[in-house]
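Each protein sequence line maps, in turn, to chains A and B. Residues in the first sequence are numbered from 412 upward in steps of one, following my numbering. Residues in the second sequence are numbered from 412 upward in steps of one, following my numbering.
Treat the hints as calculated values from the structure; they're not laboratory data. A hint or two may mislead.
Covered by chain A, according to a simulated footprint, are these stretches of chain B (three or more residues, beta-carbon under 8 Å) [stated by the list, open to error]: (1) 852-862; (2) 1192-1198.
Calculated pairs, EDC-like style, for lysine to aspartate or glutamate (alpha carbon to alpha carbon, straight line, at most 16 Å) [unchecked claim]: (3) Lys1224/A / Asp1171/B; (4) Lys1224/A / Glu1172/B; (5) Lys1048/A / Glu1065/A; (6) Lys1048/B / Asp611/A; (7) Lys1054/A / Asp1257/B; (8) Lys1054/B / Glu1136/A; (9) Lys1048/B / Asp1171/A; (10) Lys887/A / Asp899/A; (11) Lys752/A / Glu735/A; (12) Lys1211/B / Glu1045/A; (13) Lys1048/A / Glu1038/B; (14) Lys1239/B / Glu1200/B; (15) Lys1043/B / Asp1171/A; (16) Lys1224/B / Glu1172/A; (17) Lys1020/B / Glu968/B; (18) Lys905/A / Asp889/A; (19) Lys1132/B / Asp1257/A; (20) Lys1043/A / Glu1071/B; (21) Lys1043/B / Asp1024/B; (22) Lys1048/B / Glu735/A; (23) Lys990/B / Glu920/B; (24) Lys640/A / Glu1045/A; (25) Lys1117/B / Glu1104/B; (26) Lys1054/B / Glu1045/A; (27) Lys1048/A / Glu1049/B; (28) Lys1043/A / Glu1044/B; (29) Lys740/B / Glu621/B; (30) Lys606/A / Glu587/A; (31) Lys1043/A / Glu1045/B; (32) Lys1236/A / Glu1136/A; (33) Lys1043/A / Asp1171/B; (34) Lys773/B / Asp907/B; (35) Lys1048/A / Glu1178/B; (36) Lys1224/B / Asp899/A; (37) Lys1043/B / Glu1044/A; (38) Lys1224/B / Asp1257/B; (39) Lys1048/B / Glu1136/A; (40) Lys563/B / Glu602/B.
Since the structure is predicted, the reported quantities are computational estimates derived from the model, not experimental observations. Built from N, CA and C at the ideal position, the CB exists for glycine as well.
Given next are the chains, with one letter for each unit.
There are 2 protein chains.
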Amino acid sequence: MTEKRVWLFREGNAQMRNLLGGKGANLAEMTNAGLPVPPGLTITTETCMDYINNGNKMPNGLMDEVRAALNDVENQTGKKFGDSQNPLLVSVRSGARLSMPGMMETILNLGLNDETVEAMVKLTNNPRFCYDSYRRFLTMFGSVAWDMDRQKYFESEVEKVKEREGVKEDTKISAEGWKSLIPVYKKVIKEVTGKEFPQDPYVQLQEAIEAVFRSWNIPRAVAYRNMNKIDHNFGTAVNVQTMVFGNMGDDCATGVSFTRNPATGENTFYGEYLTNAQGEDVVAGIRTPKPISELQTEMPDLYRQYVDIAKKLELRYKDVQDMEFTIEKGKLWILQTRNGKRTAAAAIRIAVEMEKEGIIDKNRAVELVDPYTVNQILLPCFDNKALEAAHKICTGVNASPGAAVGKIVFDTEEAAKRGEAGEKVILVRIETCPDDIHGMAVSQGVLTLRGGATSHAAVVAKGMGKPCVSGCEDLKIDLANETLTGCDGTIYHKDDIISLDGGKGLVMEGAVQLVEAKIDENWNTFFSWVDEIRTMKIESNADTPKDIENSLKFGAEGVGLCRTEHMFMDPDRLPWVQKMIIAGTKEARKEALDKLLPMQYADFYAMFKALGDKPLTVRLLDPPLHEFLPSKEELIKEVATLKALNKDASQQEEMLHIVEGLSESNPMMGLRGCRLGLTYPEINVMQVRAIFEACCDLKKEGVAVKPWVMVPLIGHVNELKTVKEILTKTAKDVMNEKGIEVEYKFGTMIEIPRAALTADEIAEYAEFFSFGTNDLTQMTFGYSRDDAEGKFLNKYVEEKILPRNPFESLDTKGVGQLIEMSMEKGKKVNSALVGGVCGEHGGDPDSVKFCHKIGLNYVSCSPFRIPQAKLAAAQAVIENNK
Amino acid sequence: MTEKRVWLFREGNAQMRNLLGGKGANLAEMTNAGLPVPPGLTITTETCMDYINNGNKMPNGLMDEVRAALNDVENQTGKKFGDSQNPLLVSVRSGARLSMPGMMETILNLGLNDETVEAMVKLTNNPRFCYDSYRRFLTMFGSVAWDMDRQKYFESEVEKVKEREGVKEDTKISAEGWKSLIPVYKKVIKEVTGKEFPQDPYVQLQEAIEAVFRSWNIPRAVAYRNMNKIDHNFGTAVNVQTMVFGNMGDDCATGVSFTRNPATGENTFYGEYLTNAQGEDVVAGIRTPKPISELQTEMPDLYRQYVDIAKKLELRYKDVQDMEFTIEKGKLWILQTRNGKRTAAAAIRIAVEMEKEGIIDKNRAVELVDPYTVNQILLPCFDNKALEAAHKICTGVNASPGAAVGKIVFDTEEAAKRGEAGEKVILVRIETCPDDIHGMAVSQGVLTLRGGATSHAAVVAKGMGKPCVSGCEDLKIDLANETLTGCDGTIYHKDDIISLDGGKGLVMEGAVQLVEAKIDENWNTFFSWVDEIRTMKIESNADTPKDIENSLKFGAEGVGLCRTEHMFMDPDRLPWVQKMIIAGTKEARKEALDKLLPMQYADFYAMFKALGDKPLTVRLLDPPLHEFLPSKEELIKEVATLKALNKDASQQEEMLHIVEGLSESNPMMGLRGCRLGLTYPEINVMQVRAIFEACCDLKKEGVAVKPWVMVPLIGHVNELKTVKEILTKTAKDVMNEKGIEVEYKFGTMIEIPRAALTADEIAEYAEFFSFGTNDLTQMTFGYSRDDAEGKFLNKYVEEKILPRNPFESLDTKGVGQLIEMSMEKGKKVNSALVGGVCGEHGGDPDSVKFCHKIGLNYVSCSPFRIPQAKLAAAQAVIENNK
């Protein structure tokens, strides 16, 4: 625990983000860089956790420290908190270590009360602005600090004033109109909460600070952290900063901007602003803002000042900056800067261009791209011709790139439910708020009627890699009848299919044809740097020649996992597979296998040919045999029905008998993997024969082949020893028959905890270990993947019992410990032992970094995840070198 | 590999049993002790494994070494191998490190051929004996070395001779009769094998040695090793020993005897012999032998000589000796001595009495009893009155003690099948041979018509702890009609129920009433020594007050596992348990739990009261909830039937819906254990409330209570942390309500590999670790216990892929490694951490020894296994002190 809990901006710096939060650290950095930052103070993130861990109790003496710091701010500004002549007004904002935009609470204009508002009127000579500010403060205070319904108690009253004054827009309400709301709001606050609105600014301040602390754990913030894999123990800092006003008249403005375009990466100043507005108006999407380029015309000097500051900040942080500014009566204030979120394509372009501009080096460029996002670029987009031909419903803001096709759904809960169930839906909303996040997460895309490129919908969708079109103000939604009316008056109903092009801002009728993604020059440059830096090989999981083609396109350096059972599921083969399974005798089984042999041969021939001189790791048959038979439950139902109707059920009963004989109460831990091969050795023999016949023939044709034969589910060295004897003999036999030698490796999956624990014994018989981290996670945790997620695992992650879903990201403490142990033990007896991962984790960037750290030779993942695995592997090298 | 492969008897000693086998080491020891042992040589066990591992190829130069050693034997005896004047004849016998009686092959009278047999006739002047010996040798050579069917090609010819000579017994066949078989046998050997019977004794010898080597791996030997947990890599030695003959006339005899009674332990010389016979006649049970006491009358000098030698050997080996002797023309030869097999009751009596006689000390006494056998003594026996009143079918030899009730089955295969399926059968055979072992193993008891107390049936049954009555020569079996005719002519059919009293040798009609076992003074003395020596606590697994009563009777020092789910299965409670499960809301669940609370209270009240001041470890609800609901498959069948008949199925469909919602594809790895408690905290809260209400009330009544609360299936520290918070709060609440403090411990099962891997984190929140080795074995191996055994595990054990069934005996390399790791990591953060085992392994002697070795504090097992666990724990102390 750091003893100093309250820091003035001039006391901090950019390196202190863990303690001061991202916003606080950057305000400090900017302050010290001499930029025009309104003075203020930051309460540390640790203090927030202290508050939460003490059951939401304010730490002793904290307010005294705040008061002391605020005195300093008063001295800097010449204003005084609660003063009846020249009152200091402040904003109270959250600011976590990692950006969580819009997730937590903010209160503005704090310090206003019945007395100071009058002082402000005198000072500004702008009563309309002052009473508006006061009623905004009352609204935020009531809803944020004291949990009142904003719409019900506050916004509804604004509507009444508009009606009374006969105006349609907020900006048209008179000073008297705003003023009339003050007593109304104070009264409703008292009625609902039972407490008087506090006139004492320090009481206001304490309430606001506590509200921000508490907002660390409101549901949308927790959900956001879960989705973005942010530790729930970080806490948020609280920034108390002198208010500046972008809404004091037409010489005022407020805006946000990026130093480069966050959607495309283009090196142009990018952003939006509103004149005579407060910052929240831009972000909330209530008024549609103007592009920043217009500021150049409206206020050329200030624009130039701002661009200068922006470029300086980009150089200082060696990253794109996302800044907030306010112009108060012709004076520019910088309220915030932070590294800008961006699409994956933008991230790559920015990284490559900044390197070329000499701002950063290659290592820094590689660090600038989040590996979790790069596969967005590989997502399909619409076919150009189909796009042209499509019926456009509307054009809006290109808020987040990508192509989405799905059914219209208006209700977030419904979208969440149907999307989770696997249905393709598009969430259509007037505007989105943080409560919509869970619905957005499982939709194909998001369409909103209001808000620009930096609205909530846009920012969140970009973070998720979801296509989003926002600001389609010409569309109309009828929520009661669940219809959407297009620009031409066409009415679309719930469940009608539409298509979104988030990169172009287009909304189209029906399902527009998709085409695969194209990779550009920046991508190639960037990944050439990645390949230079990384040391771990990236292979792919591929079961067909088509998969191999894809893998090679994405730069796979081999196939780390070829699952042969997928070949067995082919409808042409299934009957023979079933015959093999139900065979009563070895001979009958052999007969079925003889039919399957040429088919497997053809599979392997095509795959080895496609892959050429890179290793192809074939896993021998793994799943329980009953997976290839009809469902037991269906058969029970069928037999019962036939019998009830006095019909012949003998055939179905016979099959049921067979299926029951093979069924297991826990198939995941039953007769599968090498246990199959040891029970029915002829199955493995057939597969190995097919592999080597194919390889021998290809080698004769001059094709280089590198077969790696992999045995699944080894738990005891004797299993491997026994299987190896049979299989190496088969391989030798085939090579003798064909009269040609093929070099190969023989290895094993390590996916049973006991295999890891006895890896020293097992390594004597294996040239490589391939960690099947899916199964290893299952067994190490005792979680059945098929059951756990729905039954309790999601709840575990939500309730922070587990930091992450261990099937998504490797549990380094438990499963990772076993992997590390295996390699250590294995290398003691076999120093040439090769180690890799072929589970889902092979494509998860954090897991890939762990694999690099413990010295594995390769990871293998699905073809689309190869780029992100490569990038993670390169970043791991850079991190380890630091 | 030891370089010297062939050892003369005088070159070895009793310590060399691993290399020379038990028989060879003992022959060497006896030779060096100056006892009358026929000279010979031993080929090492390693040579046997060398032969087998080289694909049954004779090691280079081995026969040269044998020839050199045999020259020495020739010099000692003055006879010469193959000599036409004074030929040396030898026996060739197996002899493994651990005794495997009758499991491997033996060839006698080797060295006989057409020439030496005539020399023998001249020497002995006993042509009948010589030709009989030659035909016996031909029979054994053909059947053992060259795999011919003994019955078909050899014994059938003996019948023809009997017919020709008009005699009924072998002993009545004339010299000419035996002689006539020689050309017949040589001819049939040539016809069947295509090879001439070898006249060269060295060729005979090599063939015989190879046959003995190979017999290490014949099916019955492999089965015996599996059953007796003998390593398949030990191999057998081969003993080549000068023949002595017990069948050269009436001044000859052969027999086997024990220095004490192996059935009761009584300190009397015990055994059987036959005059004018070879040793195999006694063991094979073909002629029913005389009790050894008769030898005292028949040959008093020799008897005295033999008893002297026997007592010397007992003192030398500090154990009961099982000896074989032959008297050849008035000279006593000792052919073998080994530690005698005995019943558990005999073992205890012998150990106690030998200590009292000053032959051994207490430690040695404790070592003399095999912990795997002691629970035989706890098996029930017949009620005395019921036994008297029962209709006796027959009285036979009391071959192996114990009481058995079951259905008559005549066929070994049928007995094996039905016994495995759980049916209670009694195997009834004329005599048993090694091929009957698998049928004996699953029968309740064995009844044979021939053979004495040392017959195959008797020896094997004793080893298995199966009741056996042998030698019921008055019974008749009709195999064709599957009937058994009693002494009084009553005919019993297959499937009729009979009772066997193996201790008294009684066969009775119907099911005779059983009573529980009684424990005698020797038992008490023996276990007082065991308790003195052992340091590890032995607790019991007990779910009811009745279990606790049993546990205390067997000396449990606490309850290490009380499974609360067994209480939920009670038919009175199941409806409320089901209501709890299908409750849609927290409130509905609470209501059901409120009904269950007083029932659980009553359970705990009774159990804590019964156990008093010893710790009672309560495991919170563990199994998946669907175990308490109707079967899904039954419901599917029911719904399909009702629907096919157009009947209302809505009720069943609703239940099916609930059951399907709860069903899991791998329930063993699903929503169970602490995952239940975290999903529905109110269940655990109810249980903990019941525990503490009961304990508080009892403490108020002055009853000492020691509750230990145990959470199952922890895999991540946060699970335990979360549960602990809820549960310690509940405990505190109850104690506050009741106004009394109860000391308790809070701990966790370690049964998930990840818990073991992160035990340092977990130990911060646990006062004890209880290793649930059943689940830990499941997860560490990835074996579902419900599936594995039938599907592949039995095969694995048979085929030596696994040395033992890891659910029976702890896999120390894998699972044991995790346990050791857990305790090491756990004690680093919590040095007071208590560790114990509560899986099935807690009662398995080898596993108990491992637990002691790694420093666990207790094991917990089913009440009947407490004595064997205690004994193993004491033996572990002795072994560790060596």
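Inset, instruction - For the pair we were handed, Lys1043/A and Glu1071/B, check the Cα-Cα distance against 16 Å. - result: It holds: about 14 Å lies between the C-alpha atoms, which stays within 16 Å.
Legend entry - Given hint Glu1045/A paired with Lys1054/B - CA-CA distance at most 16 Å: OK: Lys1054/B and Glu1045/A at ~15 Å, within 16 Å.
Inset, instruction - Could you grab the alpha-carbon distance between Lys1132/B and Asp1257/A and see if it respects the 16 Å cut-off? - result: violated (26 Å)
Legend entry - Pair hint Lys752/A and Glu735/A, alpha-carbon separation not exceeding 16 Å: holds (14 Å)
Legend entry - Three-residue Cβ test at 8 Å for the coverage of the stretch 852-862 of chain B by chain A: Our answer is that it is violated, as 0 residues pass the Cβ test (under 8 Å) against chain A, missing three.
Legend entry - Pair hint Lys1043/B and Asp1171/A, alpha-carbon separation not exceeding 16 Å: violated (44 Å)
Legend entry - Satisfaction of hint between Glu968/B and Lys1020/B, Cα-Cα up to 16 Å: With a Cα-Cα distance of about 15 Å, the restraint between Lys1020/B and Glu968/B holds, given a limit of 16 Å.
Inset, instruction - Would you check the hint for Lys1048/B and Asp611/A, treating anything up to 16 Å between C-alpha atoms as holding? - result: Distance of about 73 Å is beyond 16 Å: violated.
Inset, instruction - For the pair we were handed, Lys773/B and Asp907/B, check the Cα-Cα distance against 16 Å. - result: Violated: Lys773/B and Asp907/B sit about 47 Å apart, past 16 Å.
Inset, instruction - Mind checking the alpha carbons of Lys990/B and Glu920/B for me, to see if they're no more than 16 Å apart? - result: violated (49 Å)
Legend entry - 16 Å limit on alpha-carbon distance, applied to hinted pair Lys1043/A and Asp1171/B: With a Cα-Cα distance of about 44 Å, the restraint between Lys1043/A and Asp1171/B is violated, given a limit of 16 Å.
Legend entry - Lys1048/A paired with Glu1065/A [C-alpha distance capped at 16 Å]: holds (14 Å)
In this structure, the hints that do not hold are numbers 1, 6, 7, 8, 9, 12, 13, 14, 15, 19, 21, 22, 23, 24, 29, 30, 32, 33, 34, 35, 36, 39, in rising order.
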